[in-house]
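Enquirer: Position chains B, C and D relative to chain A; hints supplied.
Chains as they are written, first to last, in my numbering: chain A, 1 to 204; chain B, 1 to 204; chain C, 1 to 204; chain D, 1 to 204.
It should be emphasised that the hints constitute simulated quantities derived from the structure, not laboratory data. Don't take every hint at face value.
It does not matter which identical chain is used: a pair holds within one copy or between any two.
Unchecked claim - No farther apart than 25 Å at their CA atoms in a straight line, the calculated lysine to any residue pairs in the SDA-like style are these: (1) Lys-157 <-> Asn-134; (2) Lys-78 <-> Tyr-135; (3) Lys-32 <-> Ile-58; (4) Lys-83 <-> Ile-185; (5) Lys-138 <-> Arg-159; (6) Lys-83 <-> Ala-57; (7) Lys-78 <-> His-143; (8) Lys-138 <-> His-71; (9) Lys-138 <-> Lys-157; (10) Lys-153 <-> Ile-7; (11) Lys-83 <-> Leu-61; (12) Lys-52 <-> Trp-86; (13) Lys-78 <-> Asn-139; (14) Lys-32 <-> Ile-173; (15) Lys-83 <-> Phe-184; (16) Lys-32 <-> Met-124; (17) Lys-83 <-> Gln-149; (18) Lys-32 <-> Phe-123; (19) Lys-32 <-> Phe-170; (20) Lys-48 <-> Val-176; (21) Lys-52 <-> Phe-123; (22) Lys-148 <-> Leu-132; (23) Lys-32 <-> His-90; (24) Lys-83 <-> Ile-58.
Protein chains: 4
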Amino acid sequence: MNNINQIPTSRIEAFSDGIIAIIITVMVFDLKLQEIPTDKTVWSELIKLTPKFISYAISFLMLSIMWVNHHQLFHQIKHTDRKLLWYSIHLLFWMSAVPFGTNFIGVNPLLWQASFFYGFIFFMSALSFTTLRNYVIKNNLLHDSINKQSHIKIRNKNRVALCIYLLASFVSIVSVYISFVLFFIVPAMYFIPEKITHSNINTL
Amino acid sequence: MNNINQIPTSRIEAFSDGIIAIIITVMVFDLKLQEIPTDKTVWSELIKLTPKFISYAISFLMLSIMWVNHHQLFHQIKHTDRKLLWYSIHLLFWMSAVPFGTNFIGVNPLLWQASFFYGFIFFMSALSFTTLRNYVIKNNLLHDSINKQSHIKIRNKNRVALCIYLLASFVSIVSVYISFVLFFIVPAMYFIPEKITHSNINTL
Amino acid sequence: MNNINQIPTSRIEAFSDGIIAIIITVMVFDLKLQEIPTDKTVWSELIKLTPKFISYAISFLMLSIMWVNHHQLFHQIKHTDRKLLWYSIHLLFWMSAVPFGTNFIGVNPLLWQASFFYGFIFFMSALSFTTLRNYVIKNNLLHDSINKQSHIKIRNKNRVALCIYLLASFVSIVSVYISFVLFFIVPAMYFIPEKITHSNINTL
Amino acid sequence: MNNINQIPTSRIEAFSDGIIAIIITVMVFDLKLQEIPTDKTVWSELIKLTPKFISYAISFLMLSIMWVNHHQLFHQIKHTDRKLLWYSIHLLFWMSAVPFGTNFIGVNPLLWQASFFYGFIFFMSALSFTTLRNYVIKNNLLHDSINKQSHIKIRNKNRVALCIYLLASFVSIVSVYISFVLFFIVPAMYFIPEKITHSNINTL
Chain A
1 MNNINQIPTS RIEAFSDGII AIIITVMVFD LKLQEIPTDK TVWSELIKLT PKFISYAISF
61 LMLSIMWVNH HQLFHQIKHT DRKLLWYSIH LLFWMSAVPF GTNFIGVNPL LWQASFFYGF
121 IFFMSALSFT TLRNYVIKNN LLHDSINKQS HIKIRNKNRV ALCIYLLASF VSIVSVYISF
181 VLFFIVPAMY FIPEKITHSN INTL
Chain B
1 MNNINQIPTS RIEAFSDGII AIIITVMVFD LKLQEIPTDK TVWSELIKLT PKFISYAISF
61 LMLSIMWVNH HQLFHQIKHT DRKLLWYSIH LLFWMSAVPF GTNFIGVNPL LWQASFFYGF
121 IFFMSALSFT TLRNYVIKNN LLHDSINKQS HIKIRNKNRV ALCIYLLASF VSIVSVYISF
181 VLFFIVPAMY FIPEKITHSN INTL
Chain C
1 MNNINQIPTS RIEAFSDGII AIIITVMVFD LKLQEIPTDK TVWSELIKLT PKFISYAISF
61 LMLSIMWVNH HQLFHQIKHT DRKLLWYSIH LLFWMSAVPF GTNFIGVNPL LWQASFFYGF
121 IFFMSALSFT TLRNYVIKNN LLHDSINKQS HIKIRNKNRV ALCIYLLASF VSIVSVYISF
181 VLFFIVPAMY FIPEKITHSN INTL
Chain D
1 MNNINQIPTS RIEAFSDGII AIIITVMVFD LKLQEIPTDK TVWSELIKLT PKFISYAISF
61 LMLSIMWVNH HQLFHQIKHT DRKLLWYSIH LLFWMSAVPF GTNFIGVNPL LWQASFFYGF
121 IFFMSALSFT TLRNYVIKNN LLHDSINKQS HIKIRNKNRV ALCIYLLASF VSIVSVYISF
181 VLFFIVPAMY FIPEKITHSN INTL
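For reference, chain A alone in the conformation it holds in the complex (with noise of 0.2 Å):
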């Protein structure tokens, strides 16, 4: 049964970019008006839908970054086993809990358990994806050109990723005006220091 485990990655690439589509697009479908009856009040409903929109954007742009370091690692894998099918089914069930977060940060961005779950589904995103990448490093499925020790060096600093997102979770309890502060630094993270070292390949 050779060829099972030969499959290519084409249709778990599908797959995934049928899910995550879904995930970022639909997310946009909370961002609602209802009829406003007189024009006095359209700018404190506008107004009321910024912390929404704001959590929209956020996740929007970690989920971005998933994708393209999703597209980059399976762009370097030759092909895909029944247990790597299941790590990526683990990366996407925690990318599908994204909007449930985002809704209820949107819906309560003031509650510190919102930016609890919110920090968490990301930490276990994150966690997730670094898992799956250990499996491809480990079992030899990366294309024989590509380089290891690069894939190694962005799991390790994935590992600061995962501890602002771990971080972000708790110090909610304390102020979550801390956590959102740290729900800004991991994007940031994946643009800027990047123009120092070109050659580097960040993930999440």
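Expert: Below, chains B, C and D alone, put in the same frame as chain A:
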């Protein structure tokens, strides 16, 4: 009209992936919290979501198992034909009903009718998958290198899952709790015993 | 700019698959039960869902027939061009309107306006499919091995379906029940008579 | 890490297709009628839906134009790189905001803020498309056979569309009806004048 019977499986795979991705993902949008006025009721609101979350997680797992098996089966199919498309659409119809069952049992977990429909929908999904596999085996649509015997074994094994689903449906009239246990057994079947006979391929 | 006219059909197929998959799947999310306080009203709640379920099932079937025919037609197309993209988008526009009609007739099954719009949307979908097929035939976009005559036959046959849809629309003013019967006849047309002439290819 | 810069465009195309398909399709789910008690109010209910339907139809058309242009542009791109992914995601972010604008203007058609946001979202979408095209031209990502001049012409032409969108945004403060006219002009631009210069490729 020879090439009509030689259409590749790529498009039915993509269509199935799309539908399954949407079913899986959009279910999470039932997991929503309203604006919570005082801090005190947060946990009680979250606890109220628990049955919805559990039914979501089980449905996610069941649908993922079906997707993995669908992936595996279609990877082994040489080409598709008109009838195979319709067997696939029949399967997708029952899989599309899963969100209805999931919502029903998530909102009314203790009504036996909810467990009945939930079990029945999975029974019909598994049945239509078995019918699809039978069609593939009988019409020589598998690649020549594939051992038909393994598929016949899987089909026989699937009958156990079918019986459990049907049992879960009808036993709900007596006690929904027995149904709940049975709903956990089927996914467990696909993860636990596989470690003993590694060359076996499991399917729903 | 020769290669512009040689773009493969893969992407319009993927885009259509995505849209049709979403249309089909998200309709099921209208099939929802609220929390039911006492056990007594469960069946009456479920019975209230019946018109919604029937309209969902018919729409599922109709859209599946269109997808199968779309699959078959595009499998026979050599390459796409800018105009073909727009004919496809025109078709997708009317198919996208199906959930509106399905919801309308599901919620208000006895209003003749519901049957009128439901029939009209399917008429426009079928009409835009015929226009698309005509364009393909006239512009020699089919593979050379494909017999154009069979497509012309299909097109003629489709006119029957077109007439039935239009009839179903307008007869609803007299009696919605006659419309209901007509809505069942078109899908039946695609399953029953095909057993007689197996080499015939059916399309909407 | 040479092959990283040679990743094919297939996956970003599939991801974009998925997102655009969802945006287009799920908007139709705002077009819903409640149960209508007496036959008399049906037409008034349907007339109330008219602004929603018109805004849906325009958004559908605008997004379709963008998809056709996206399809055409990516068909001419040799390979993608990390930055191109992010330019694409930036475009998808603004396209994802379209359902928000469509809902806003559909529910409150006469509020100038609705027209303002609707125009602004399309302005940002068109701007991010132009930025994406600029990046592709400047970094030699087009196939060698493609004439860069035609893309530069398109880019210049796009600036007209950009100006119209921006004008439509701000003119809404004076009169929303002028904005409405402008919203019709941009899609018209892509269909009418093309008949004169057939070798021209239009893009948003």
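Enquirer: Given identical chains, is Lys-52 near Phe-123, meaning Cα to Cα at most 25 Å, within a copy, between copies, both, or neither?
Expert: both (21 Å within a copy, 22 Å between copies)
Enquirer: I want to check one pair: Lys-78 and Asn-139. Are their C-alpha atoms no more than 25 Å apart within a copy, between two copies, both, or neither?
Expert: Classified as within; 11 Å inside a copy, 29 Å across copies.
Enquirer: My question is about Lys-32 and Ile-173: at a cut-off of 25 Å on alpha-carbon distance, are they close within one copy, between copies, both, or neither?
Expert: This pair counts as between: shortest inter-copy Cα distance 22 Å, intra-copy 30 Å.
Enquirer: Up to 25 Å between alpha-carbons, please classify Lys-138 paired with Arg-159: within, between, both or neither.
Expert: within (18 Å within a copy, 36 Å between copies)
Enquirer: Should Lys-83 paired with Ile-58 be assigned to within, between, both, or neither, using CA atoms and 25 Å as the limit?
Expert: Intra 31 Å, inter 19 Å, cutoff 25 Å: inter-copy only.
Enquirer: Go through the copies and call it for Lys-32 and His-90: within, between, both or neither, with a Cα cutoff of 25 Å.
Expert: between (31 Å within a copy, 21 Å between copies)
Enquirer: At most 25 Å between CA atoms: does that hold for Lys-83 and Phe-184 within a copy, between copies, both, or neither?
Expert: between (33 Å within a copy, 21 Å between copies)
Enquirer: One pair to classify: Lys-32 and Met-124, alpha carbons no more than 25 Å apart. Within, between, both, or neither?
Expert: Between copies only: 19 Å across chains, 29 Å inside a chain, cut-off 25 Å.
Enquirer: How would you classify Lys-148 and Leu-132 at a CA-CA limit of 25 Å: within, between, both, or neither?
Expert: Intra 14 Å, inter 32 Å, cutoff 25 Å: intra-copy only.
Enquirer: Between Lys-83 and Gln-149, at a C-alpha cutoff of 25 Å, which is it: within one copy, between copies, both, or neither?
Expert: Answer is both: 23 Å inside a copy and 23 Å across each meet the 25 Å cutoff.
Enquirer: Indicate which option fits the pair Lys-32, Phe-170 if close means a Cα-Cα distance not exceeding 25 Å: within, between, both or neither.
Expert: between (31 Å within a copy, 22 Å between copies)
Enquirer: With 25 Å as the alpha-carbon cut-off, assign the pair Lys-32 and Ile-58 to within, between, both or neither.
Expert: This pair counts as both: shortest intra-copy Cα distance 18 Å, inter-copy 19 Å.
Checked against the numbered hints above, the structure violates none of them.
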